[in-house]
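Undergrad: If you want the building blocks of each chain, they are given just below.
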Amino acid sequence: MMPAEATREIFWNVPFPWLMYVLLVPTVVVGGWGLYRRLRLWRTGGPAMRWDRPKERLALVWRHAVGQGRTLRRAYSSGRASSSSSVFHLLITVGFVVLTMATTVVMLDHDFGTRIMRGGFYLFFQSLTVDLFGALVLVGIGIAMIRRWLQKPSRLVFTDEASAILIAIFVVAASGFLVEGWRIAATHDPWGPWSPIGYLIAQGSLAVAEPSTLTTAHAVVWWGHCVVTFAFLAWAPYTKLAHVVTAPLNIFFANLDGHAASLRPMDFEADDDATLGVDDLTKMTWKDLLDLDSCTECGRCTAACPAHTAGKSLSPRDIVLGLRDLMHDGAETLLAAPQDDTDNAPALPILQQTGALSAESLWQCTTCAACMEVCPVYIEQLPKILDVRRYLTMEEAEMPPSMADAMTSLERRGHPYPGTRLSRIDWTDGLDVPVMSELDDPGEVDVLLWVGCATALIERNHSVVRSLAQLLQHAGVSFAILGREERCNGDAARRMGNEFLFETMARKNQALLERYGVEKIVTPCPHCFNTFKNDYPTVGGDYHVEHHSSFLAKLVDDGRIQSTQAAEHNVTFHDPCYLGRYNREFDAPRQLVQISTHGRTPEMEQSRENSFCCGGGGGLSFTEEPAEQRVNRQRASQALATGASVVGTGCPFCMTMLEDGVAAVTGDLPSDDAAAKIPADSMPADSMPATRMPAKRMIVKDIAELLWDATEASPDT
Amino acid sequence: MNILVCLKQILDPDIPARDFRIDPERREAVRGSADLVTNIFCENALETALQLKDAHDGMITVLSHGSEEAEDVLRKALAMKADEAALVLDDDAAQADPLQAARVLAAAARKLGSFDVIMVGRESGDWGVGQTGGLLAEELGVPFIALVEHLDVDEGKLRIRRQTDTGTEIFEVTPPVVISITNSENNLPRIPKTRDVMKSYRKPLTTIAVADLSLTPSSDSYFRLVEISVPEKETRCELVEGHNLEQRIDAFAHRVAEIANTTR
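Heads up: the sequence lines are chains A and B, in that order.
Going by my numbering, the first residue of the first sequence is number 494, and it counts up by one from there.
Going by my numbering, the first residue of the second sequence is number 14, and it counts up by one from there.
Please note: incorrect hints may appear among the correct ones.
[Said to hold, decoys possible] Below, in silico cross-link-like pairs of lysine-lysine (DSS-like), each with a Cα-Cα straight-line distance of 30 Å or less: (1) Lys805(A) / Lys206(B); (2) Lys212(B) / Lys170(B); (3) Lys66(B) / Lys170(B); (4) Lys94(B) / Lys1001(A); (5) Lys94(B) / Lys216(B); (6) Lys1013(A) / Lys1001(A); (7) Lys1001(A) / Lys216(B); (8) Lys212(B) / Lys124(B); (9) Lys1001(A) / Lys212(B); (10) Lys206(B) / Lys1001(A).
Source of the hints: derived by calculation from the structure; they are not laboratory data.
Full structure from sequences and hints, please.
TA: The structure is reproduced here in structure tokens:
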């Protein structure tokens, strides 16, 4: 007889159903303790202001926790997009959300007396939909198992815990299907076909077993399913699965100001004896500690890390995991009363002799922020690295020797190039560039052209700033330079960990800029740009600063610069990290590239926010590295792979790093002549095949050079 | 061991040639945009003293003769962990010749106390005369050993290794003594910790007006600066010709000989 209304009996065939409620108590207690023991560790951390702008924060949670925005992005590894690994995560998550909804429906009907689980809702949702989404969980687990056990991508961490999680999820989902299937079989459920997977199991089981056997098996597996699921729920908060809770939290408390301002401001006046920088886990902020518990061990950060890709020991993933283990192993120390901070040895020292937390690894970071860009749960790896660098530099005066030389030069001469024979005004020879100190009324000047050390003191970049100055003159912009008075604005010092020197330099520069009434700054250096834009406001300097790409793009838009003799070569644009990832300027330089050439403008595999660092940030351009571990060679190969003959950029560090990289990869000597003739394209623009052939030769050009070459006023034609 | 290290502040010798100018009237270099730095050999001397202190304990006083700006040199030395600092304020310090400088330093050293070792740099990076150390020893009436690259303490005596043209000499000296330090790979100046840089600004610094040293003005200096100029360098490029390599080498050799003869 067919029941009038579709539904099923809750707790059918289940002996002692009350026992389930009893078991719920230890499950909640044990699981809750798992979360609470993490929470109380975070609470030992120092202050961090992350409660402002709640609407933005919730929107971020919506996009990246609920919507899994970053999880679903393509991950890159060694310059190539890796196969989409995020599908399995989506299947499991969505599947479990639906399964949880189904359990909630059961609870409402059984424990709260509602009568939802019947009729059409029962058939379409509780049976069909839930069955299919349960199947998605199994598919997802299958993909995850294949990845973890067969493909074994190197960015994963292979722990027993991770394997146990996969097995547990599989057992939970599979046993659920068995319970369903055997109930359908044993009760001859007329609505059985609405649960297709369960129905298949029912049919299969009936072929080999009697309904009475299946009834017994159902009762046993029901309890098995219940116990395994409860055990899983109680255990999960002790594993990386805690990210179900910690990840949304961490995303909520993300740094909304982007990477640029993410360095903790320091107060050198306030507390004389506080350790400078961080060498001790007990000195981290609560957000730092929450970061550690949010890590899912997905390894995207390390896969994206240019230093790691180039074969160095730096691994943001292992930094986070190392700190996480340190946090849990040192839980008692963290929970003990805070010590006073005077000259005590660190309670939980961060620095290790070898491995991810060694000084050697931490000095390999180019501060490119690729790790933070790809982290699905918004962990902030970079500030942690720089906090330790601050400690090494300021408390121990320990840094790689060539960085120490650069730092000493910064202190003495205001630039990081000891031994340079160039002066800051050499590039102006033959150009009539006004200098602030020589003007009657510097206040009349609209724009300060901030040249930057790497542009003024590296000969290759003279052609860049000459092109820029001539473009500005051509467009009738009122500008001047500081000339010999210009001093580094502090980026290099800050990224090498010398916050004290940074602040000293920032104060001197602010006084100088104030003297000339400077309000608007244009600079061809993304590092200077970022420092003025994001770092100076934290030490009391506020300027309207633009990178030359956006400033020139506006001049082009206004018709004040016109490209009348665009070239024919193919140009691929390399995004400088401090312009793109740090300040989200991707389009202006591309616009300039576009109007400078009639040729193709192929993109590298990793571009825009996924750009791969040139290897020169964070003070690394001042160091000598083993040839086989140089980041710039990796990037040069990626640029060459586009088949373009020119790689465009907008950064004096990228310029030299890429030139050296291209020279090393192609066997060409770097060209001395800044206005080097562009090599004939390895193939004409219109015949470029879909599969790109790597270019055999390539030159590096700044966007200002490309644009100047393409304007009518350029004398080069 | 009580050590005095004399430090001189000079115009950064590493400025680009293009930025280096002189004032022929005043017979001195124009400061321009150049920075003032500690003379590198003085830093080698300080580093040597610091190493001696690290190994054997002791007390390091740093002394400079200069303008108010020379305070920077002393603060940096304090940051490197010198114990005390004194500045002989003299706006005309830049014009002082080695003998005048030695007299000022000797008077200041006597005023500051008694020292077992007085260290100076081999020479200054601006004038490079290299005589202040010897004259200082003479003024103080103690022995002088020049171009020292290493020293050690052995039962109250100093074992001193100095460079010579033909090798090294080892001396055993009973303090007090003045020594001039040369640069070696072992005395590259250390980089101070930022914490110590910050603390250095809170340490006391003794200032002595040069007038208070009651030096008798003397006009007996052996040293007179007549004229200074920046040597002009001219570069010309010439290509020698020839049909084959041999001819070109021949032509090249002839041309070199010609030039050598005309400039002889």
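Undergrad: Compare the structure with each hint and give your call.
TA: These are the hints, each one checked on the structure:
no.	hint	in the structure
1	Lys805(A) / Lys206(B)	holds (28 Å)
2	Lys212(B) / Lys170(B)	violated (33 Å)
3	Lys66(B) / Lys170(B)	holds (15 Å)
4	Lys94(B) / Lys1001(A)	holds (26 Å)
5	Lys94(B) / Lys216(B)	holds (11 Å)
6	Lys1013(A) / Lys1001(A)	holds (18 Å)
7	Lys1001(A) / Lys216(B)	holds (23 Å)
8	Lys212(B) / Lys124(B)	holds (26 Å)
9	Lys1001(A) / Lys212(B)	holds (20 Å)
10	Lys206(B) / Lys1001(A)	holds (21 Å)
When each numbered hint is compared with the structure, a violation occurs for hint 2 only.
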